[in-house]
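Trainee: Sequence:
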Amino acid sequence: MEELVKYYYNLGLHHNEILNCLQLNDGITLSLRHLRRILNRLKLFRKRNYSNVLSLVRFIETQISTHGKLHGYRWMHLKCLQNGFIVTQDTVRQLLTILDPVGVDTRQRRRLRRRQYYNKGPNYIWHTDCYDKLKPFGICITGCIDGYSRYIVWLQAGTNTNNPNVIAYHFIQATLRFSGCPQTLRADMGTENSTIERIQNDLKNKGTHSLSHLPSFLYGTSTTNQRIESWWSVLRKHFAQFWMNLFHGLKDGGLFSGSFIDKALVQFCFLKIIQAELNTLITEWNMHKIRKCRNNISPSGRPFVMFHTPELYDTRDYLHSVSRADIELHNSAATMPAINIDHDVYNLAIIIMQEEGLTTPTTPNQALDLYLHLQQTFSHIFH
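Every letter in the sequence shown is one number past the one before it in full-length UniProt numbering, and letter 89, counting from 1, is 89.
Simulated from the structure, these hints should not be mistaken for laboratory data. Honestly, I wouldn't trust all of these hints.
[What the hints assert, rightly or not] Listed next, the in silico DSS-like pairs over lysine-lysine satisfying Cα-Cα at most 27 Å (straight line):
| id | residue 1 | residue 2 |
| --- | --- | --- |
| 1 | K69 | K251 |
| 2 | K292 | K206 |
| 3 | K292 | K135 |
| 4 | K135 | K237 |
| 5 | K69 | K292 |
| 6 | K237 | K133 |
| 7 | K43 | K272 |
| 8 | K120 | K206 |
| 9 | K272 | K135 |
| 10 | K6 | K120 |
| 11 | K120 | K251 |
| 12 | K237 | K289 |
| 13 | K206 | K289 |
| 14 | K43 | K135 |
| 15 | K6 | K47 |
| 16 | K289 | K6 |
| 17 | K272 | K133 |
| 18 | K120 | K69 |
| 19 | K251 | K237 |
| 20 | K47 | K292 |
| 21 | K133 | K251 |
| 22 | K237 | K272 |
| 23 | K251 | K272 |
| 24 | K69 | K47 |
| 25 | K133 | K47 |
| 26 | K289 | K47 |
| 27 | K206 | K69 |
| 28 | K272 | K69 |
Using the sequences and the hints, build the whole thing.
Mentor: Set out below in C-alpha coordinates:
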(Lines of atoms letter the chains of each structure in order from A; the text may use other names.)
(Lines give C-alpha, C1' and ligand atoms only; values in the text may rest on other atoms or scores of the structure.)
Protein backbone atom coordinates (compact mmCIF):
# COMPACT_ATOMS: atom_id res chain seq x y z
CA MET A 1 0.00 0.00 0.00
CA GLU A 2 2.86 2.39 0.79
CA GLU A 3 4.18 1.93 -2.75
CA LEU A 4 0.78 2.97 -4.15
CA VAL A 5 0.70 6.03 -1.90
CA LYS A 6 4.22 6.94 -3.01
CA TYR A 7 3.25 6.41 -6.67
CA TYR A 8 0.23 8.73 -6.50
CA TYR A 9 2.20 11.30 -4.46
CA ASN A 10 5.01 11.39 -7.02
CA LEU A 11 2.44 12.00 -9.77
CA GLY A 12 1.65 15.29 -8.02
CA LEU A 13 -1.80 14.40 -6.66
CA HIS A 14 -3.27 16.18 -3.63
CA HIS A 15 -4.28 14.24 -0.50
CA ASN A 16 -7.98 13.93 -1.39
CA GLU A 17 -7.09 12.85 -4.91
CA ILE A 18 -4.78 10.16 -3.54
CA LEU A 19 -7.56 8.88 -1.25
CA ASN A 20 -10.05 8.76 -4.13
CA CYS A 21 -7.63 6.90 -6.42
CA LEU A 22 -6.79 4.38 -3.70
CA GLN A 23 -10.47 3.72 -3.02
CA LEU A 24 -11.83 3.64 -6.57
CA ASN A 25 -8.86 2.13 -8.42
CA ASP A 26 -7.26 -0.11 -5.79
CA GLY A 27 -10.08 -0.89 -3.35
CA ILE A 28 -8.16 0.62 -0.41
CA THR A 29 -10.06 2.91 1.97
CA LEU A 30 -8.03 5.24 4.17
CA SER A 31 -8.85 8.22 6.33
CA LEU A 32 -7.11 11.51 5.68
CA ARG A 33 -5.33 11.20 9.03
CA HIS A 34 -4.06 7.70 8.17
CA LEU A 35 -2.80 8.93 4.80
CA ARG A 36 -0.95 11.79 6.46
CA ARG A 37 0.70 9.35 8.89
CA ILE A 38 1.86 7.22 5.95
CA LEU A 39 3.22 10.27 4.13
CA ASN A 40 5.04 11.41 7.28
CA ARG A 41 6.54 7.95 7.72
CA LEU A 42 7.73 8.00 4.11
CA LYS A 43 9.01 11.58 4.61
CA LEU A 44 6.87 12.84 1.74
CA PHE A 45 6.02 16.49 2.32
CA ARG A 46 4.69 19.32 0.15
CA LYS A 47 5.24 22.21 2.59
CA ARG A 48 8.29 21.13 4.55
CA ASN A 49 11.98 20.58 3.81
CA TYR A 50 11.88 22.63 0.62
CA SER A 51 14.41 21.69 -2.03
CA ASN A 52 17.67 23.57 -2.41
CA VAL A 53 17.09 26.64 -4.57
CA LEU A 54 20.31 26.20 -6.54
CA SER A 55 19.35 22.62 -7.44
CA LEU A 56 15.92 23.87 -8.46
CA VAL A 57 17.45 26.63 -10.59
CA ARG A 58 19.72 24.13 -12.36
CA PHE A 59 16.74 21.86 -13.04
CA ILE A 60 14.60 24.69 -14.46
CA GLU A 61 17.53 25.94 -16.55
CA THR A 62 17.86 22.45 -18.01
CA GLN A 63 14.14 22.35 -18.75
CA ILE A 64 14.07 25.74 -20.51
CA SER A 65 16.94 24.60 -22.74
CA THR A 66 14.51 22.04 -24.21
CA HIS A 67 10.80 22.14 -25.09
CA GLY A 68 10.23 22.93 -21.38
CA LYS A 69 10.80 26.60 -22.25
CA LEU A 70 7.25 26.53 -23.65
CA HIS A 71 5.66 25.67 -20.27
CA GLY A 72 3.92 28.10 -17.95
CA TYR A 73 4.65 28.14 -14.21
CA ARG A 74 1.82 25.73 -13.29
CA TRP A 75 3.05 23.10 -15.74
CA MET A 76 6.67 23.66 -14.66
CA HIS A 77 5.64 23.31 -11.00
CA LEU A 78 4.08 19.92 -11.75
CA LYS A 79 7.23 18.91 -13.63
CA CYS A 80 9.29 19.85 -10.54
CA LEU A 81 7.05 17.77 -8.25
CA GLN A 82 7.26 14.76 -10.56
CA ASN A 83 11.05 15.02 -10.47
CA GLY A 84 11.23 14.91 -6.68
CA PHE A 85 11.47 18.61 -5.81
CA ILE A 86 9.58 20.13 -2.89
CA VAL A 87 8.68 23.65 -3.96
CA THR A 88 5.74 26.04 -4.01
CA GLN A 89 4.04 27.14 -7.20
CA ASP A 90 4.87 30.77 -6.44
CA THR A 91 8.59 29.99 -6.15
CA VAL A 92 8.54 28.38 -9.59
CA ARG A 93 6.67 31.40 -10.98
CA GLN A 94 9.27 33.82 -9.62
CA LEU A 95 12.21 31.72 -10.84
CA LEU A 96 10.72 31.50 -14.34
CA THR A 97 10.31 35.28 -14.38
CA ILE A 98 14.04 35.61 -13.62
CA LEU A 99 15.38 32.74 -15.74
CA ASP A 100 13.11 33.09 -18.77
CA PRO A 101 11.56 36.60 -18.87
CA VAL A 102 11.06 36.48 -22.65
CA GLY A 103 9.16 33.19 -22.43
CA VAL A 104 6.96 34.49 -19.61
CA ASP A 105 6.11 37.59 -21.65
CA THR A 106 5.37 35.50 -24.76
CA ARG A 107 2.88 33.28 -22.90
CA GLN A 108 0.81 36.20 -21.64
CA ARG A 109 -1.65 36.15 -24.54
CA ARG A 110 -5.33 35.43 -24.85
CA ARG A 111 -6.62 32.21 -26.36
CA LEU A 112 -9.30 31.91 -29.03
CA ARG A 113 -12.79 31.07 -27.82
CA ARG A 114 -13.95 27.79 -29.33
CA ARG A 115 -17.35 26.18 -29.62
CA GLN A 116 -18.46 23.97 -26.74
CA TYR A 117 -17.90 20.24 -26.73
CA TYR A 118 -19.98 17.67 -24.83
CA ASN A 119 -19.11 14.09 -23.91
CA LYS A 120 -20.85 11.78 -21.43
CA GLY A 121 -17.90 10.06 -19.77
CA PRO A 122 -14.51 8.37 -20.17
CA ASN A 123 -14.24 5.96 -23.12
CA TYR A 124 -17.46 7.29 -24.64
CA ILE A 125 -15.50 8.69 -27.61
CA TRP A 126 -11.81 8.51 -28.44
CA HIS A 127 -10.38 10.97 -30.96
CA THR A 128 -7.34 10.00 -33.03
CA ASP A 129 -5.31 11.96 -35.57
CA CYS A 130 -1.80 12.52 -36.92
CA TYR A 131 0.31 15.63 -36.29
CA ASP A 132 2.25 16.69 -39.38
CA LYS A 133 4.15 19.83 -38.34
CA LEU A 134 7.42 17.87 -37.99
CA LYS A 135 6.74 15.61 -40.97
CA PRO A 136 8.85 17.71 -43.41
CA PHE A 137 11.82 16.76 -41.24
CA GLY A 138 11.03 13.04 -41.14
CA ILE A 139 9.27 12.95 -37.74
CA CYS A 140 5.62 11.82 -37.74
CA ILE A 141 3.43 11.87 -34.62
CA THR A 142 0.16 10.02 -34.05
CA GLY A 143 -2.06 10.51 -31.02
CA CYS A 144 -5.36 9.60 -29.42
CA ILE A 145 -7.26 11.43 -26.67
CA ASP A 146 -10.30 10.53 -24.57
CA GLY A 147 -13.00 13.06 -25.39
CA TYR A 148 -14.42 13.40 -21.87
CA SER A 149 -11.35 13.58 -19.66
CA ARG A 150 -8.77 14.74 -22.25
CA TYR A 151 -6.63 11.83 -21.05
CA ILE A 152 -3.91 10.95 -23.58
CA VAL A 153 -4.46 7.36 -24.72
CA TRP A 154 -1.33 7.26 -26.86
CA LEU A 155 1.17 9.71 -28.34
CA GLN A 156 3.84 8.16 -30.55
CA ALA A 157 6.58 9.52 -32.79
CA GLY A 158 7.77 7.51 -35.77
CA THR A 159 8.97 7.65 -39.33
CA ASN A 160 5.62 6.94 -41.00
CA THR A 161 1.99 7.61 -40.12
CA ASN A 162 0.61 6.75 -43.56
CA ASN A 163 0.71 3.00 -42.92
CA PRO A 164 -2.72 1.98 -41.52
CA ASN A 165 -1.19 -1.05 -39.78
CA VAL A 166 1.11 1.19 -37.73
CA ILE A 167 -1.89 3.19 -36.45
CA ALA A 168 -3.64 -0.12 -35.78
CA TYR A 169 -0.70 -1.25 -33.63
CA HIS A 170 -1.10 1.73 -31.29
CA PHE A 171 -4.87 1.20 -31.12
CA ILE A 172 -4.51 -2.50 -30.28
CA GLN A 173 -1.92 -1.75 -27.59
CA ALA A 174 -4.34 0.75 -26.02
CA THR A 175 -7.28 -1.67 -26.07
CA LEU A 176 -5.11 -4.38 -24.51
CA ARG A 177 -4.03 -1.95 -21.79
CA PHE A 178 -7.62 -1.04 -20.92
CA SER A 179 -9.19 -4.46 -21.70
CA GLY A 180 -11.67 -2.88 -24.07
CA CYS A 181 -12.41 -0.21 -26.65
CA PRO A 182 -14.37 3.06 -26.65
CA GLN A 183 -18.00 3.15 -27.63
CA THR A 184 -17.03 5.34 -30.58
CA LEU A 185 -13.70 6.01 -32.26
CA ARG A 186 -13.48 9.23 -34.26
CA ALA A 187 -10.87 9.94 -36.95
CA ASP A 188 -10.25 12.12 -39.98
CA MET A 189 -10.85 10.89 -43.50
CA GLY A 190 -7.73 9.07 -44.64
CA THR A 191 -6.48 5.67 -45.74
CA GLU A 192 -4.30 5.45 -42.61
CA ASN A 193 -7.46 4.91 -40.54
CA SER A 194 -8.96 2.08 -42.60
CA THR A 195 -7.54 -0.72 -40.42
CA ILE A 196 -8.56 0.75 -37.06
CA GLU A 197 -12.08 1.26 -38.44
CA ARG A 198 -12.34 -2.45 -39.20
CA ILE A 199 -10.86 -3.45 -35.83
CA GLN A 200 -13.08 -1.07 -33.85
CA ASN A 201 -16.21 -2.29 -35.65
CA ASP A 202 -15.31 -5.90 -34.89
CA LEU A 203 -14.48 -5.25 -31.22
CA LYS A 204 -17.72 -3.33 -30.73
CA ASN A 205 -19.64 -6.39 -31.94
CA LYS A 206 -17.97 -8.49 -29.25
CA GLY A 207 -17.65 -8.20 -25.51
CA THR A 208 -20.16 -6.59 -23.17
CA HIS A 209 -21.67 -3.21 -22.22
CA SER A 210 -22.24 -2.16 -25.80
CA LEU A 211 -24.41 0.86 -26.51
CA SER A 212 -25.73 -0.35 -29.83
CA HIS A 213 -27.30 2.97 -30.80
CA LEU A 214 -23.88 4.64 -30.89
CA PRO A 215 -21.80 4.36 -34.06
CA SER A 216 -18.64 2.38 -33.46
CA PHE A 217 -16.59 4.54 -35.84
CA LEU A 218 -16.99 8.06 -37.17
CA TYR A 219 -15.16 9.76 -40.01
CA GLY A 220 -15.17 13.50 -40.27
CA THR A 221 -13.24 16.61 -41.18
CA SER A 222 -10.64 18.08 -38.88
CA THR A 223 -13.15 20.63 -37.58
CA THR A 224 -15.50 17.87 -36.40
CA ASN A 225 -12.64 16.00 -34.72
CA GLN A 226 -12.14 19.03 -32.53
CA ARG A 227 -10.95 17.37 -29.30
CA ILE A 228 -7.69 16.06 -30.77
CA GLU A 229 -7.35 19.05 -33.10
CA SER A 230 -7.63 21.35 -30.10
CA TRP A 231 -5.04 19.31 -28.23
CA TRP A 232 -2.56 19.66 -31.10
CA SER A 233 -2.38 23.36 -30.19
CA VAL A 234 -1.34 22.27 -26.69
CA LEU A 235 1.29 19.99 -28.19
CA ARG A 236 2.64 22.84 -30.29
CA LYS A 237 2.64 25.28 -27.38
CA HIS A 238 4.38 22.95 -24.91
CA PHE A 239 6.48 20.73 -27.18
CA ALA A 240 6.48 20.96 -30.97
CA GLN A 241 7.39 24.64 -31.29
CA PHE A 242 10.80 23.93 -29.75
CA TRP A 243 11.54 21.25 -32.33
CA MET A 244 10.09 23.28 -35.20
CA ASN A 245 12.42 26.15 -34.30
CA LEU A 246 15.41 23.80 -34.10
CA PHE A 247 14.73 22.05 -37.42
CA HIS A 248 13.80 25.23 -39.28
CA GLY A 249 17.02 26.74 -37.96
CA LEU A 250 18.92 23.88 -39.59
CA LYS A 251 17.00 24.41 -42.82
CA ASP A 252 17.55 28.17 -42.87
CA GLY A 253 21.24 27.62 -42.22
CA GLY A 254 21.58 25.27 -45.18
CA LEU A 255 22.11 22.28 -42.88
CA PHE A 256 18.92 20.44 -43.84
CA SER A 257 17.90 20.06 -47.47
CA GLY A 258 14.91 17.75 -47.08
CA SER A 259 16.79 14.96 -48.86
CA PHE A 260 16.29 11.31 -48.00
CA ILE A 261 19.64 11.18 -46.16
CA ASP A 262 19.01 14.36 -44.17
CA LYS A 263 15.59 13.08 -43.04
CA ALA A 264 17.09 9.70 -42.14
CA LEU A 265 19.82 11.39 -40.08
CA VAL A 266 17.24 13.52 -38.25
CA GLN A 267 15.36 10.33 -37.43
CA PHE A 268 18.55 8.58 -36.32
CA CYS A 269 19.70 11.42 -34.06
CA PHE A 270 16.45 12.85 -32.69
CA LEU A 271 13.64 10.28 -32.82
CA LYS A 272 14.35 8.47 -29.55
CA ILE A 273 14.83 11.75 -27.69
CA ILE A 274 11.57 13.10 -29.11
CA GLN A 275 9.69 9.96 -28.03
CA ALA A 276 11.21 10.12 -24.54
CA GLU A 277 10.09 13.74 -24.23
CA LEU A 278 6.62 12.82 -25.52
CA ASN A 279 6.38 10.14 -22.81
CA THR A 280 7.21 12.77 -20.20
CA LEU A 281 4.69 15.15 -21.75
CA ILE A 282 1.96 12.49 -21.53
CA THR A 283 2.49 12.10 -17.79
CA GLU A 284 2.65 15.85 -17.23
CA TRP A 285 -0.53 16.50 -19.23
CA ASN A 286 -2.52 13.64 -17.69
CA MET A 287 -1.61 14.83 -14.18
CA HIS A 288 -2.03 18.60 -14.67
CA LYS A 289 -5.19 20.42 -13.64
CA ILE A 290 -7.61 21.65 -16.31
CA ARG A 291 -9.12 24.81 -14.88
CA LYS A 292 -12.85 25.41 -14.89
CA CYS A 293 -13.88 27.90 -17.56
CA ARG A 294 -16.94 30.10 -17.55
CA ASN A 295 -19.75 28.83 -19.80
CA ASN A 296 -17.84 25.59 -20.45
CA ILE A 297 -19.80 22.37 -19.90
CA SER A 298 -16.72 20.14 -20.00
CA PRO A 299 -15.51 18.89 -16.59
CA SER A 300 -12.47 20.41 -14.92
CA GLY A 301 -9.74 18.61 -12.99
CA ARG A 302 -6.86 16.28 -13.74
CA PRO A 303 -7.31 14.08 -16.86
CA PHE A 304 -5.89 11.10 -14.94
CA VAL A 305 -8.47 11.47 -12.17
CA MET A 306 -11.38 12.18 -14.53
CA PHE A 307 -10.49 9.15 -16.66
CA HIS A 308 -9.92 6.64 -13.85
CA THR A 309 -12.45 7.83 -11.25
CA PRO A 310 -15.50 9.10 -13.18
CA GLU A 311 -17.74 8.46 -10.16
CA LEU A 312 -16.37 11.65 -8.64
CA TYR A 313 -17.91 13.55 -11.56
CA ASP A 314 -21.34 11.90 -11.41
CA THR A 315 -20.76 9.80 -14.50
CA ARG A 316 -19.44 6.33 -15.32
CA ASP A 317 -16.86 4.54 -17.43
CA TYR A 318 -18.28 3.81 -20.89
CA LEU A 319 -15.54 1.31 -21.82
CA HIS A 320 -16.78 -1.52 -24.06
CA SER A 321 -15.12 -4.52 -22.39
CA VAL A 322 -13.51 -7.04 -24.75
CA SER A 323 -11.49 -10.12 -23.87
CA ARG A 324 -7.75 -10.17 -24.49
CA ALA A 325 -8.18 -13.15 -26.81
CA ASP A 326 -10.65 -11.26 -29.03
CA ILE A 327 -8.34 -8.24 -29.21
CA GLU A 328 -5.27 -10.34 -30.04
CA LEU A 329 -7.09 -11.84 -33.03
CA HIS A 330 -6.25 -8.58 -34.80
CA ASN A 331 -2.50 -8.71 -34.14
CA SER A 332 -1.85 -9.82 -37.71
CA ALA A 333 -3.30 -6.51 -38.96
CA ALA A 334 -0.91 -4.48 -36.82
CA THR A 335 2.68 -3.58 -37.59
CA MET A 336 5.02 -2.52 -34.81
CA PRO A 337 6.53 0.84 -35.80
CA ALA A 338 10.13 0.60 -36.92
CA ILE A 339 12.39 1.78 -34.12
CA ASN A 340 15.24 2.47 -36.49
CA ILE A 341 15.45 4.40 -39.72
CA ASP A 342 16.56 3.30 -43.18
CA HIS A 343 18.68 0.16 -42.72
CA ASP A 344 21.68 1.32 -44.78
CA VAL A 345 21.82 4.81 -43.26
CA TYR A 346 21.43 3.35 -39.78
CA ASN A 347 24.26 0.83 -40.21
CA LEU A 348 26.63 3.42 -41.70
CA ALA A 349 25.86 5.90 -38.91
CA ILE A 350 26.54 3.23 -36.28
CA ILE A 351 29.89 2.37 -37.92
CA ILE A 352 30.92 6.04 -37.97
CA MET A 353 29.98 6.45 -34.30
CA GLN A 354 31.94 3.34 -33.30
CA GLU A 355 35.03 4.31 -35.28
CA GLU A 356 35.07 7.85 -33.87
CA GLY A 357 34.05 6.94 -30.32
CA LEU A 358 30.80 8.92 -30.42
CA THR A 359 28.10 8.21 -27.83
CA THR A 360 24.32 8.02 -28.16
CA PRO A 361 22.81 11.48 -27.50
CA THR A 362 20.48 11.99 -24.56
CA THR A 363 19.69 15.70 -24.96
CA PRO A 364 18.59 17.85 -27.92
CA ASN A 365 21.94 19.66 -27.98
CA GLN A 366 23.88 16.39 -28.06
CA ALA A 367 21.60 15.11 -30.84
CA LEU A 368 22.17 18.33 -32.79
CA ASP A 369 25.95 17.96 -32.51
CA LEU A 370 25.73 14.34 -33.67
CA TYR A 371 23.49 15.28 -36.61
CA LEU A 372 25.88 17.99 -37.81
CA HIS A 373 28.86 15.65 -37.51
CA LEU A 374 27.16 12.75 -39.32
CA GLN A 375 25.79 15.01 -42.04
CA GLN A 376 29.26 16.35 -42.76
CA THR A 377 30.72 12.83 -42.78
CA PHE A 378 27.98 11.51 -45.08
CA SER A 379 28.54 14.48 -47.39
CA HIS A 380 32.23 13.59 -47.74
CA ILE A 381 31.39 9.93 -48.39
CA PHE A 382 28.75 10.48 -51.07
CA HIS A 383 30.22 13.49 -52.86
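Trainee: Going through the numbered hints above, which ones does this structure break? Give me the numbers in ascending order.
Mentor: 2, 3, 7, 10, 11, 13, 14, 18, 25 and 27
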